[in-house]
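Chemist: As a plain string of letters, each chain reads:
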Amino acid sequence: MESYIMIGFSVFLGALFVGGAIICSKILAFHSPEGQRKVQPYECSENPIGDARIRFKVSFYIFALLFLLFDIESLFLFPCMKIFKSVVTGQHGSISPVVLFSELFVFVFILFAGLIYAWRKGVLTWE
Amino acid sequence: MNQLPTEKIFPVHNSIGDLVRHLLPGSAEYVNGFLTIASLLLVVALLPVFLIWLERKVAAHFQARLGPMRVGYHGLLQSTADGLKLIFKEVLVPEGADRFVFFLAPILPASATFLVMTILPFDHHLQVADPAGGVLFALGISGLSILGILLAGWSSNNKYSLLGAMRSGAQMVSFEISLALIMLLIVMVTGTASLREIVLSQQGTILDWWIFKLPFLGFIAFMMYMISSTAELNRAPFDISEAESELTGGFATEYSGISFAMFFFAEFVNMFVSAGLAATFFLGGFLAPQFGIGPIDAAFDFIPGFVWFFCKTFLVIFLYMWFRWTFPRLRIDQLMYLEWKMLLPANLVLLMGAGFFLAMGWTL
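One line per chain: the protein sequences are A and B, in this order. In this text, residue positions in the first sequence follow my numbering: the first is 1, and each later residue adds one. In this text, residue positions in the second sequence follow my numbering: the first is 1, and each later residue adds one.
Watch out, some of these pointers could steer you wrong.
Stretches of chain B that chain A covers, calculated by requiring three or more beta carbons in the stretch to come under 8 angstroms of a beta carbon on chain A [said to hold, decoys possible]: (1) 171-179; (2) 254-268; (3) 333-347.
What the hints contain is simulated information worked out from the structure, not anything from laboratory work. We treat Cβ as the ideally placed atom computed from N, Cα and C, and that holds for glycine.
Just chain A, with the same shape it has in the complex (with noise of 0.2 angstroms):
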């Protein structure tokens, strides 16, 4: 718990000092009068045509799909892979480690079929 409150107390100081230093700039920056060409977003000069909020690609939607997929994936590791160790040197008397093992690789073996699936229908293919 303690640890905890160490860690609020930095969010805090983090804040502090970020927020110092925007109220700094905010107080000592130079400001000019807004002109029409000033802003402007910035494409080396050319002006700009249409909205900058256009339609992208679709890939990076799958592949964020993709991501939210294996990292909750690895988030469900995480317990397994935390009693390991201590499975093997026998601290959980009642598990046996080839057991932990063995359901462990049907997991990781199901994750790994899902992106071979993936990979055949060739969604991790970027054009």
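Please build the complex by placing chain B on the supplied structure of chain A, with the hints as guidance.
Modeler: Here is chain B on its own, set in the frame of chain A:
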């Protein structure tokens, strides 16, 4: 080396502590601890100033130039001067930008940097917090910098920013998976997720460091960590998000003044943190290298742990800088190929191999 007590992380006894103890009996330990943390974190927060100077110097010497020389001794004060200049600059908000998100975007990653630094074990007792799930904590916070970049890209109302942010979002989330799997590997072989205990699991000679453990961990895992963390940091050769020749400034194109400085502050602290994590996971963290030769071991053991920690961290940082001037930039399709078709399967195989070794009761 003895097993160290874990209950008190900050047993600091100094003159400030005595003063506080005198003025506020009872709360003294907390106030003292907070003051120490504040000073430690502020010192570390000033590291980017040094790191930016180092980056420029290393780059210059790789190209047979001198780099910054004018401000201070060998240009040591150059980045301080740059930082001061950026404070005095106006923050421009482009037309049609989402003002609130535009200002929020650099603040998020910059204040999150203090969070990750808290869990780095600088020395036996020099660690702000040691949560039981420190590895998970580090992974979770590293997601915040992706958020900052995506917010910046979307709010800027600039096509370069949007493209850069989308690319780097896709890149960072992809490589985060292999980073997570390598951390899982470390958790598996050490049996703990607290960073301090991971360091303490490497006690012994230099051959007990995880980098030298073969065949399923060690150098391969270290290389994979380096590749994924370089990509996670958006550094060359994986810097497609701000590929100057294609996207001008990437997600930071529209940023100026203090907001721009915030992004780069966060970037360099993140570099320090992931180098520090590499030192913790693979290079024995704050432990002194021991060779099994009496006098050398004693001499190395005499040097305080945080010196070793910083030596190892800066070694890894130098590797990051070296990569930048050695490898050509990858295209985004090559990047995705590298992660999803090479690193991820290799990671899963590595994980299962190490699990098999452990389950069979063989020593790693």
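Chemist: Now, for every hint given, state plainly whether the structure supports it.
Modeler: Tested hints:
no., hint, verdict
1, 171-179, "holds (count 4)"
2, 254-268, "holds (count 5)"
3, 333-347, "holds (count 7)"
Comparing the model with each numbered hint stated earlier shows that all of them hold.
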